[in-house]
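Each protein sequence line maps, in turn, to chains L and X.
For the first sequence, the UniProt record's numbering assigns the number 1 to the initial residue and increments by one for each residue that follows.
For the second sequence, the UniProt record's numbering assigns the number 1 to the initial residue and increments by one for each residue that follows.
Careful: at least some of the hints might be erroneous.
To be verified - These stretches of chain L come out as covered by chain X in the derived footprint (C-beta under 8 Å, 3 or more residues):
| id | stretch |
| --- | --- |
| 1 | 98-110 |
| 2 | 115-123 |
| 3 | 131-145 |
Claimed, not checked - Some chain X residues judged to face chain L by a derived CB distance under 8 Å, without partners named:
| id | residue |
| --- | --- |
| 4 | 208 |
| 5 | 210 |
| 6 | 217 |
| 7 | 218 |
| 8 | 219 |
| 9 | 306 |
To be clear, the hints were calculated from the coordinates, so they are not data collected in a lab.
As the structure is a computational prediction, the values presented were derived from the model and not from experiment.
For each residue, glycine too, the CB sits at the ideal point set by N, CA and C.
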Amino acid sequence: MTESAPRPTPASPTPPGGHLLDVRDLHVEFRTGEGVAKVINGVSYHLDPGETLAVLGESGSGKSVTAQAVMGILDSPPAVIRSGQIRYRGRDLLTLPEEQRRQVRGKEIAMIFQDALSALNPVFPVGWQISETLRHRDGMSRADARRRTVELMDLVRIPGAAGRLGDHPHQFSGGMRQRVMIAMALALDPKVLIADEPTTALDVTVQAQIMDLLADLRRDLDMAMILITHDLGVVAGVADRIAVMYAGRIVEHADVRPLYRAPAHPYTKGLLASIPRLDVRGRELSTIRGLPPNLMRIPGGCPFHPRCPYAQQVCVDVVPDDLVLADGRTSACHFAQEVHDDRDR
Amino acid sequence: MFRFVLRRLLQMVLAFFGTTLIVYALMFAGQGDPIQALAGERPVTPAQRAYLTEKFHLDRTGVGGFLYRYLDYLKNLLQGDLGQSLTGRSIGDILAAAWPVTVKLALIAMAVTILFGVTAGVLAGIRRASLFDNATLVLTLLVLGIPTIVLAPLAQYLLGVRWPVFPPTAGADPDLYALLLPGIVLGSLSLATALRLTRTSVAENLRADYVRTARSKGLARRRIIGVHVLRNSLIPVITFLGVELGNLMSGAIITEGVFNIPGVGFNLFRGIRTEDGPLVVGIVSVLVVVYLVANLVVDVLYAVLDPRIRYE
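All chains should be built: construct the whole structure from the sequences, respecting the hints.
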C-alpha cells in the first residue's frame, strides 16, 4: 500500500484553511567545485498552530538545511533550491520577492541557533542586539525598544535583565547566552519558532532548563515550534510529532508515542537502540554500523541499505516510497510493517 | 586597562634606553676619527684637536669612556636637548622643520590607503570571485611586487616628467600638491596590504554565524553588511592602519629621497651618508618614541574596538 505525492502525513488531516507551514517535496542541492551534493531530496512536512514537530537525524541528514530553506537564509551559492514549495499561511515563500520574504523572517517565522556564542555578534551588547530587531523591524523608539528588551529578557528568565543590557555575549554563560538568543527570536512575536539544536552546545543540566523554557514559551505565547535535534532524549517530553531524516529525506514520520513504542524504519530503530538506558545494564551500547552517505554519491535504491540489518536485494535496486502504516504514520522502507512488528531487533 | 597602560609605559622606558644605547654604540663605535669626520677634508690643528677632544670627552677611551659619553648624551636628551649635528645646526631645529613635512606626507598616504584600499577591500570582500575582486587581486600583487625604489622613480618619471601632471620633485617647504604624488606612491604599499586585509576580513565575516542570525532577524542586507559585518571586519584593518601610521610618521627614506622632500627620512639618510653621528642618533631616538607610542595607542584602540579583549 504505497502512495505517491501528495505525501500523506500522519495524525492530522489537512485543516480547511491549510496548514500553518507546509513544506512540499523540497529539493536542495549544494553546488561546489567538487561536484553537486544532493542535500535535500524531497522533504515534506507540515506544522499546525500550537504544535511541536521534532526533526531528528544525524549531522548531514539535511535537517538544518531544510530549516534554513524555510527561513530563506541558505547561502547561495552554494545552495540551490531545485524544486518544491514552502507554504506559509497558504503563500509559497519561495515565490515571494526578497523584500516580502524578509518581512516574514523574525516576524512570522523566527529561528534560534545551536551555538549562541558565534550566533550572536561579538562586538555589540546583547541589549543592543535584541532591541535592534524591535527598532529596525517594528520601528520602535529607542526607549520603547529598551523597555521591551528588558521584558523579553525577563521572559526568558535572565536574572537582573535590566543590569545586563550593556553586557557583551562573551560575558554570559552558555545557558544565559542561549536565553538571549531566544529573547531575540521572540522579539517580534513570531508564530513559528525554529530551534536548531538549541541545547547541543550546553551542559546536560542547562539543556533541561532550556528545553523546559522553550516548551513553556511555546505554550504561553501560543507558537508552533520546529525542534531540530539529533538527541532522541531531548524530544520525548516536548514534541507532538517526529520526522526522522536520513540523507536528505524524511524516512519516518509519526506521532511521538507510537514512534517510541515501535519504530517502523530500521534507522529510527537504530537511533532508539543507541540511547543509553538505565534499565539495561551490562550490555554494550548499540550503534548503527557504518557512516552516513557522502551526499555527492548517495547509494542507489534505499540510501540506508548499506547500513541496514534488514536490507535485501530490493533495497539495493528500488528506492522505497513512503509506506503508510495502519495508524497513518509513514515510513520510507520496503519492510516498514515487518520492522514495526519486529520488537526484538 | 590602567595597569596595562602603566606597564607598557614602563616597558617603553626600557625599550627607549635599549635602542638609544644600541644606535649610539653602532654610530660611534665604527667611527675612526670623529674629530677628522667633523672637520671633513680640512686639516685639524693640534689646538683644535685638544679643544674638541675635551669638549666631546674623547680623552676617555674604552668601554668606560663610551658609557660616560652615552650617559652624558642621555642627560642632555632627557632635558630635551638633542644636541648639535656635525654641521653645527641644532638637531631639535632640524627635526622641527622636517617633521611637519613627513606628517603631511604620512597623512596623504594614509588618506589614500583608507579612501581606496579599505573601500575597494570591502567591495572585493562582498563580491568575492567577481571581476572586480580578481582585478584588485592582480593590481595589489603587482604593487606589492614592485619595490618602492622602482615604483617611486617610475611614478616620478611617468607623472612628473613624461606627462607632467605633478611636480617631479618637492624641494624645500613643499605645498600639499607637490606632496600628492609621493604620498600616493608611499601609500600604495599600505594600500595594497590594507585592501587584501580588508577583503579577507569582510569575506570571512560574511560567512560568520552572526550574519546568519542577523538575516534571520529579517534585517536588510544593507544594514547587515554596513553595521554587523563592517564593525567586525574593520577591527584588524584599523589595527594595521594604526601600526602603519606609526611607520609612515617615522619618515620614508626612499620616497623622500627620490622626490627630494626635506622630511625626517631625508635628513636621516643624509645623516647616515655623511656619518653625522649626533644627527642619526638624535633622529632615531625620537623615532623610537614615536613608534612606541603609536604601538601603545594601537593596542589600546584594539581593546576599545573588540570588547572581548581585556588587558589585565
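Verification of the hints:
1. 98-110: Satisfied; 7 residues make the cut.
2. 115-123: holds (count 7)
3. 131-145: Result for this restraint: holds, n = 4.
4. 208: The hint holds - residue 208 (chain X) has a Cβ within 8 Å of chain L, the shortest such distance being about 7 Å.
5. 210: 4 Å, holds
6. 217: Hint on residue 217 (chain X): holds, closest Cβ of chain L at ~5 Å, below 8 Å.
7. 218: 4 Å, holds
8. 219: 6 Å, holds
9. 306: Holds, about 6 Å.
Hint compliance for this structure: no hint is broken.
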